[in-house]
Structures are given as C-alpha cells and as structure tokens.
Amino acid sequence: MASRRAFLAGLLAASLPRPSWADLGNPAFLAAGKRGSVHELHGLSSSGDSLFALPLPARGHAAAAHPLRAEAVAFARRPGTFARVVNCLTGTPLAELTPPVGRQFNGHGAYSADGQWLMTSEVVAEGSAGRIGLWDTARYIRVGEWDSGGIGPHDIKLLADGRIVVANGGIQTDPTDRSKLNLDRMQPNLALLSPNGALLDRVEMPADLRQNSIRHLALTARGVAFAMQWEGDPALPVPQLGLWTPGEAPVFCPPDDADSLAMKGYAGSIATGAGLTALTSAPGGALMLFDAAGAPLATLRRADISGVAAGPAGLVASDGQGGLWSVAPDGLQLLARHPVLWDNHLVALPL
Amino acid sequence: MKPALSLICLSLLAGPALADYPETLSDHILPGYAAFAQATAALDQAAQADCAPEALRPAWNAAFDAWLGVAHLQFGPVEDHGHRLAIAFWPDPKALGWKQQKALLTADPAKLEPEAFAEQSVAARGLFGLERLLYPTEDLPADPCPLIRATAHDLATMAAGVNAAWVGGYGDLLLTAGEPGNTTYLSRPEVRQALFTQLAAGLEFLSDSRLGRPLGQPAKPAPEKAEARASGRSLRNVVLALMAMRQMVETLTPDVPRTLAAFDHAIEVAQGLDDPVFAGVTDPAQRLKVEILQQAVQRLREVVLEELAPELDVGIGFNAADGD
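Chains A and B supply the protein sequences, listed in that same order.
Using this note's numbering, you'd call the opening residue of the first sequence number 3 and step up by one each time.
Using this note's numbering, you'd call the opening residue of the second sequence number -16 and step up by one each time.
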C-alpha cells in the first residue's frame, strides 16, 4: 500500500529530470564502499576509475541499477527496513523504500528490462517466508508482492524473457539479530517465477547439500549459475557453484581436490562473462574461476576479495583493501586502487 | 616508506625494539619452513632406509612438531597446489583419506611413483596419511611399506617446495610491499593485515576444531574426533601451536603485554592438563578442564583482537567479518 510519504517521494521523483547513464560517462559498475568513516556509492569505469561517489546513510549490502536512467537503489544490510533510490548524477535521494509492516528487505533487488518495475527480495519478519516486493519505478510506489517460493530469499535475477529466478536461501533468521534459527532443517531452493509472479518451477537441494544455502545468482546462456554458502560441518568439502537450466535438475560444480576447502565453504559473489564463471570468498581470500560448463580453471588469491561482476572488458573483482582487479585464469591484474574499502558486491551496469 | 632491504640487511639491522613484520619473516616464517623442510627430509630418508612403523615414529613426530611451527600460516606458497591440505588434512569427518589409502595399499605400484602420488587426493597424503600407517587402528590390507615411503617422500617434496618458494621470492614480496611491480601486497599495512589474519584464524581453529571437535556438545562429547589421537599428540599439538603463534606475535611487536600474558596463560593451562588425547571429555570433571582450556584460547583470541589488532592497525577483513 502506498503511504503518504511514499506518495510524496514519488511525486518528487517523477517531477525531477531523469538523467541517463551516459550523462555520467557510462560507468560500468556500481560499488558501495567505506572511505574513512563515510559510506559511499561509487560509479566505476571499466578500467576502475571512480566516475562519481555519493554518500550513503549507512553500510549497504547490494545495489541494483536502473537499466536506462542514472538511478540506483541501494539496499541496507539484511534484515533491513530501508532502501534508498538515488539520482546518481546529483546524488539526490529520489525515494526511500520501506517494506510493509512485518516485512524486511533481504539485501537484493532487480529491475525489469524496461526499467518500469523494481523487484525486491524480502522476508516476513516472523518465520522468514519469502516475498518479492513489486514497485513502480515512475514514483517508486509499492504496487504488490508475490510469494518467493521459499524461506529467506536473497538474490533475484531476471532471465532475458522476463521470468524471474529467486535464490531462496532456506535460512530462517531472527528478525532482530540475524541469528540463524533452522540450520538443522533448512531446505534452500531455486524458484522460477513468471513475469507476473506465478511459480513456474522449483528445485530443491539434494539431501547431502541441504545445508548449502543458495545466496547469489548470475545469468548464463541457459539459465543461472548459483553460489552457495555451506552451513554444515566446515571440514566437509562441498561445491560452492551450481548451474541451473529451468526444467532440468541443477548441476553441482565442485572445485579441484586441492582447492576443495579454499573458499571455506563460502561464496559471497558470483558473476559470469567471457565464458567464465567467477566466485569469491572473502573468508577464504580466494576467487575461483570455472568454465561455462562448470569445470574448475583456477583459484586466485587476494585477501578480502568479495565483489565480482562482468564488465565490457571482462570480469572485474573488488576487495576490502581498496583494490579493483581484472580477472583472468592466469591471474588477477590490478586495475586501480582507491582509499575505499569495497563492500560485498560489485554491480554491473547494463550497457 | 622504507626502501626494500634484503633479508641479510634486515637481520643485521633490526633489533627487538624495532620488531615489525620483516622480523616475522626472518625470525619466524623462514626458519619455521626451513625446519619443517629439514624434518620432513629426515623423515623421508629414514623411511627409505627402514619403513618399520615403530622405527619411523620419532622422525614422524619431529616432522609434525616442525609443522606446528608454521601450520597457522595459511597464505603464500603453502596454499599453491593444495599443499597445506595435502600436508595436514584434518579434520576429515568422512574418513576420505583412509578410504583412499586403503585403495592405494593394494593399487598398482605405479600410483606410488612421485609424480603420480602427488596427484592423489590431498586427503590421503601428508602427516595424517602417515599417522594412519604408523599407528594403525585396524588391520591393513597389505604391507604398508611402499605407501609409507611414497607418502614420506611426497611430504618432504612439498615441504622443500614451500620452503624454496619462500626463500626464492615470496619473502621478498612481503619486504617490497607497496613498491611498483608488487601486485601481491599493495602496501605494508596489507602484509600486517595478512599476518594478523593468520593469528586470528589460527586461534579460531585451535578453539573450534582442535578443542571444539572432541568436546562436541555437553550431552554428546566426541573424544574420537580429537586430532592426532592415534599417535597421542592431540594436546601436544595445542601446546606447540600456541607457542608458535606466541613467537610470531613477538616478532610483530613487543608492545602487546596483555596478548603475551594471555598466550602464557593458555599455554600454562594446556601444559597443566593431564589428558594427552582429550579422552576426559566424557567425564564431567575432566571435561571441565578441557573447557577451561578452550575458554582460555577464546579469551586469548579476544585479547588479540582488542590489543594486537589496533597495535598493528589492522582488523578482521571488511568483508570477511561481514558475511551476508
């Protein structure tokens, strides 16, 4: 339901000129980070230069970029009750999104290809049942919500045909302190929704990977690559990467034996591009590369590496020590270094 | 920013009051890997001469002792090719290593040739692979001698490789941090950060795995999960790991009295424990003593975060500490 505040914010948004990404020099990526004690959202060129930096009210989790207009929505760390839409040219907040009472944002969102709709991953605070919030981006007014098809949704991605894939992580969290309540019985899934939110397909994890929480997604030629975070015994080597083509069973892609514990069971970000899939693990200080079929190619080391996204010149990764890296199987090449601790995710802008 | 100095210069110039990470390299990391390479070479030689388990145990224990001097260093050359896992694959809750060793005991001897053996699973190799052969807890399906020799040789080869990589270049990457061309460490603080991370993770492993696994849950203790139980080294590993990490801290900075005192306390508690494989975790009174040791290690880790981290101007990684 549209509150009076949201309505007014929407009026404000609609009345302002809407710059395009070209007005900002066509940044290739968005990245949140911390400079000193200040949280910022940066637009980065494909070579790692910062094209703009806007203040954020607090540490964010991920952002989503409007496909046409130079505006982005930055989500609070989960479980969060705010998301801020920013005009990236002026830094002006266009809207503050607040989920309905009893709902919490879960850190990620996605725009429709035409930019008319924003979808946000959310949970019902009590019980963590998943919802996808639907917002009209003309005025950033909430127009509805759908069942996400599982517990604890995290990342969401739109396929080229408009269908929506949701990573339902399966973890029920305490609404106040993020502690995990159901690790002994969690059951993550991947859900495929129609552009209207109807559940079309859903695959669950096999029994031995039931504690592998599906968190993040990247588009592939035939569906999605998905990244998992292991909640079971940390000594057990389990895959962090899976591939899913809707209508088929998911395929799991374990690393080489020698690198089987390099990620410490944790994949933080995932990206696909140039025939490669990259996974990062900040706890492991590692980025793992796979080919399009999911065969491991290389494990690259860099402390606190976390963000990764595909840009026009290939895969780029960011780390919590300020580094931006070009990623290839033969190693990480330094693109740029900023006095900014880059946060969890690097977001590719549509070009 | 200081110019790059060779190791020799540093060892001449640096005194204790100037402790910084170049001393960690010269006084902790390099001697630690050199000692490990030497001990595993001796084990390899002994195994080729006489592979009788009883005869080899002293050399194997000496190699394990040497490993504990560097086992907390989980970065750099030891991470290449999965060497760290292959040197010491523990914990192994599904007994992956033993399953593959049983197959290797009766396999084509060609699989034990050095190049082929280096391709075997990391779970089947290294110190724990040897422990299962030198301190067998069940009947072996075949004469273990060829596998003992292959495993000892492979271990010595890995240790020599890691040592050579540190001496032959990786150590210089620490010393030239922040200089043009060094894209491994973009600044000297990054090296301090990397070294601190080893301590924080090493203490966590001590608490959660070496002590936490046998402790299990109060209603479900798991003495069978203790590290190096067959060889009776579980507690010894805790003591030596604590001593090694304490020595590393001393090379980083002398100005952390609470950290060093917390190390001393944890080491004293461990040395006072009369329970070499934590078998007592099933007995309430004995269990309490292991829990007190675990608490001392946890408190030590807190002090390290409170005192050592700000002293080095580092912390747990921005993203590593966040999770999502």
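Among the clues, some could well be false.
As the list claims (entries may be wrong) - Below, simulated DSBU-like cross-link-like pairs (lysine-lysine); rule was C-alpha separation at most 30 Å, straight line:
1) K36(A) / K266(A)
2) K208(B) / K182(A)
3) K203(B) / K159(A)
Hints are computed from structural coordinates only; laboratory data are not their basis.
From a predicted model like this one, the values you see are computed outputs, not experimental measurements.
Structure-based check of each hint:
A threshold of 30 Å between alpha carbons decides the hint, and for K36(A) with K266(A) the separation of about 25 Å falls inside it, so the pair holds. Using a Cα cut-off of 30 Å, the hinted pair K208(B) and K182(A) holds, with the two alpha carbons roughly 26 Å apart. A C-alpha spacing of about 43 Å is found between K203(B) and K159(A), which places the hinted pair above 30 Å, so the restraint is violated.
In this structure, only the earlier hint numbered 3 is contradicted, and the remaining ones agree with it.
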